[in-house]
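Throw the hints in and build the complete structure from the sequences for me.
Chains as they are written, first to last, in our numbering: chain A, 2 to 220; chain B, 186 to 459.
Source of the hints: derived by calculation from the structure; they are not laboratory data. Treat the hints with care, since some could be wrong.
[As the list claims (entries may be wrong)] Derived SDA-like pairs (lysine to any residue); straight-line CA-CA distance at most 20 Å:
{"#": "1", "chain 1": "A", "residue 1": "LYS80", "chain 2": "A", "residue 2": "LYS176"}
{"#": "2", "chain 1": "B", "residue 1": "LYS332", "chain 2": "A", "residue 2": "ILE130"}
{"#": "3", "chain 1": "B", "residue 1": "LYS332", "chain 2": "A", "residue 2": "ARG210"}
{"#": "4", "chain 1": "A", "residue 1": "LYS77", "chain 2": "A", "residue 2": "ARG210"}
{"#": "5", "chain 1": "A", "residue 1": "LYS83", "chain 2": "B", "residue 2": "ASP382"}
{"#": "6", "chain 1": "B", "residue 1": "LYS224", "chain 2": "B", "residue 2": "VAL263"}
{"#": "7", "chain 1": "A", "residue 1": "LYS103", "chain 2": "B", "residue 2": "THR366"}
{"#": "8", "chain 1": "A", "residue 1": "LYS78", "chain 2": "B", "residue 2": "ILE379"}
{"#": "9", "chain 1": "B", "residue 1": "LYS259", "chain 2": "B", "residue 2": "ILE204"}
{"#": "10", "chain 1": "B", "residue 1": "LYS211", "chain 2": "B", "residue 2": "GLU265"}
{"#": "11", "chain 1": "B", "residue 1": "LYS428", "chain 2": "B", "residue 2": "GLU238"}
{"#": "12", "chain 1": "A", "residue 1": "LYS171", "chain 2": "B", "residue 2": "THR366"}
{"#": "13", "chain 1": "B", "residue 1": "LYS202", "chain 2": "B", "residue 2": "LYS250"}
{"#": "14", "chain 1": "A", "residue 1": "LYS196", "chain 2": "B", "residue 2": "ASP377"}
{"#": "15", "chain 1": "A", "residue 1": "LYS196", "chain 2": "B", "residue 2": "GLU406"}
{"#": "16", "chain 1": "A", "residue 1": "LYS83", "chain 2": "B", "residue 2": "MET407"}
{"#": "17", "chain 1": "B", "residue 1": "LYS259", "chain 2": "B", "residue 2": "ILE249"}
{"#": "18", "chain 1": "A", "residue 1": "LYS135", "chain 2": "B", "residue 2": "LYS332"}
{"#": "19", "chain 1": "B", "residue 1": "LYS319", "chain 2": "B", "residue 2": "ILE343"}
{"#": "20", "chain 1": "B", "residue 1": "LYS332", "chain 2": "A", "residue 2": "LYS103"}
{"#": "21", "chain 1": "A", "residue 1": "LYS92", "chain 2": "A", "residue 2": "ILE198"}
{"#": "22", "chain 1": "A", "residue 1": "LYS83", "chain 2": "B", "residue 2": "VAL381"}
{"#": "23", "chain 1": "A", "residue 1": "LYS80", "chain 2": "A", "residue 2": "THR201"}
{"#": "24", "chain 1": "B", "residue 1": "LYS259", "chain 2": "B", "residue 2": "LEU233"}
{"#": "25", "chain 1": "A", "residue 1": "LYS200", "chain 2": "A", "residue 2": "LEU79"}
{"#": "26", "chain 1": "B", "residue 1": "LYS202", "chain 2": "B", "residue 2": "GLU220"}
{"#": "27", "chain 1": "B", "residue 1": "LYS211", "chain 2": "B", "residue 2": "THR344"}
{"#": "28", "chain 1": "A", "residue 1": "LYS200", "chain 2": "B", "residue 2": "ILE379"}
{"#": "29", "chain 1": "B", "residue 1": "LYS398", "chain 2": "A", "residue 2": "ILE216"}
{"#": "30", "chain 1": "B", "residue 1": "LYS332", "chain 2": "A", "residue 2": "ARG205"}
{"#": "31", "chain 1": "A", "residue 1": "LYS171", "chain 2": "B", "residue 2": "GLU367"}
[Claimed, not checked] Stretches of chain A that chain B covers, calculated by requiring three or more beta carbons in the stretch to come under 8 Å of a beta carbon on chain B:
{"#": "32", "segment": "130-140"}
{"#": "33", "segment": "196-208"}
Cβ coordinates follow ideal geometry from the N, Cα and C atoms, glycine included.
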Amino acid sequence: MVVVSIEQNMNIFIDLLYIRSIPSYFNSLKWEREKSSPSLGESLPAGRQGFRSGVKSCITFAFKIYIMIKNIDELKKLKFFKEFDDATTEKILEISELKEFKVKDVIIEEHQELSELYILVEGLVILGINVPAKGRINVDTIHPGQIFSWSAIFPPYISTAYAIATQPVKVLAIKASELIELMNNNHTFGFKIMKIIGKTLSQRLADTRFQLVNIITMT
Amino acid sequence: MTEIRNIYKPIKARLEKTIVESPTIKTFVLIPEEEFSFKTGQFIELTLNGLGEAPFTPSSSPMIKDRIEVTVMKAGYVTEQIHQLKGGEILGIRGPFGRGYPVEAFYGKEILVLGGGCGFAPLRSLLYNLMAEKDKFKKVTLCYGSKTPEECIYKPFITELRNTERFEVLRTVDQGDETWTETIGVVTVLLDQIEVDIDQSVAVVCGPPIMMKFGTIRLMEMGFSEKDIYLSLEKNMSCGLGKCGHCMMGDYFVCKDGPVFRFDEVKGLPDIWL
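The following block contains the structure:
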């Protein structure tokens, strides 16, 4: 899968509008043959360079859109989107980006300012806490379909734990500020999002209490 | 005339070998002097001459009658003495006692097995039973948790389960290490990962009391009926015969009416999780 952002690709598309026309491109090619070969990218006429880069971007853009459309159906199957109709799901996907991480990549550092809510699409992510004199202690695992970085929705928007990929990971990163705006504009939608986050936190609290009681009774 | 076994008198069993499962848990392979049958989930009283006896649930297949495996966690005086055994010693076995798992009631269903720590012992016996009759079940999922990767027991058996059709295994530890690539967290975290047809499933839970409590609560939240959750409550058993009263739980004697109970049978009783 390819990392893609709708906003990035729109920028590329707009850039294409400024590329010179095709005849101008061929004129510049003719000029090229009469000169010694310029080093790549330096002495090429702006028109040709821009057109070449534009064509390349066009093909890449089309390919990325193709990949994205292909993946939207897969993303829609995530448990997170079960509560939403197709139109709402696509609205969320419009403000989202698919990101990839390698094993041992730190996706979020503890106490980091957060701007995205993550849904794990593939792989495994470990959550943990940095403990003085002990180092990193892992306390939970995120599985595909689950959310993390929920602190991006609640002030002060600071992460409560680190998140590290323990397998090659793909996450759907939803821009938190835009999600909050959607929630404010549509309270029914907002309520559904809060229900999902609430359920997640409730289960994590129950699991944490289980861990705590386990430790207390073992000592 | 059929000979009735004297329930007070142990039969002799030779310790054939010891398998170290973890720093605190060992499995002892015993060869009884006569054929020994038990139902999965029942327990035996294991006697060490001159020291005493303690109840344990066999962890071996109930299909095998000429040997019996008992997994013991070092937790007190008797278990510490058992852990010192090297091989060749003669022990005593009384039993089997109690009510085991109603495997026939699981036919045609999906079975979710939730185990923690040394609670895996009776569950391994159940899983052997299920493997032997695997065509009679839709699917078997084992969710197992332990404190650390080192404390995960029955590693070769886990591999065997993973290679068995229609059996799925998920494991978690409280604290992982560099080599651990599976889940980290309490065992209930694994329940978020599985897909079960609740209406066609039963759940079997065995482990430390805390784990059984939280596991049962989570199963109820998932939609399991109280009648479909089976618990192995091995509490305070002593004589194994319903005489000493040590294991009384409400109206039940755990050693006679259990140790396997359906949750709806015991949910109203005080202190079932103690």
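Hints that the structure is at odds with (numbers, increasing): 4, 6, 17, 20
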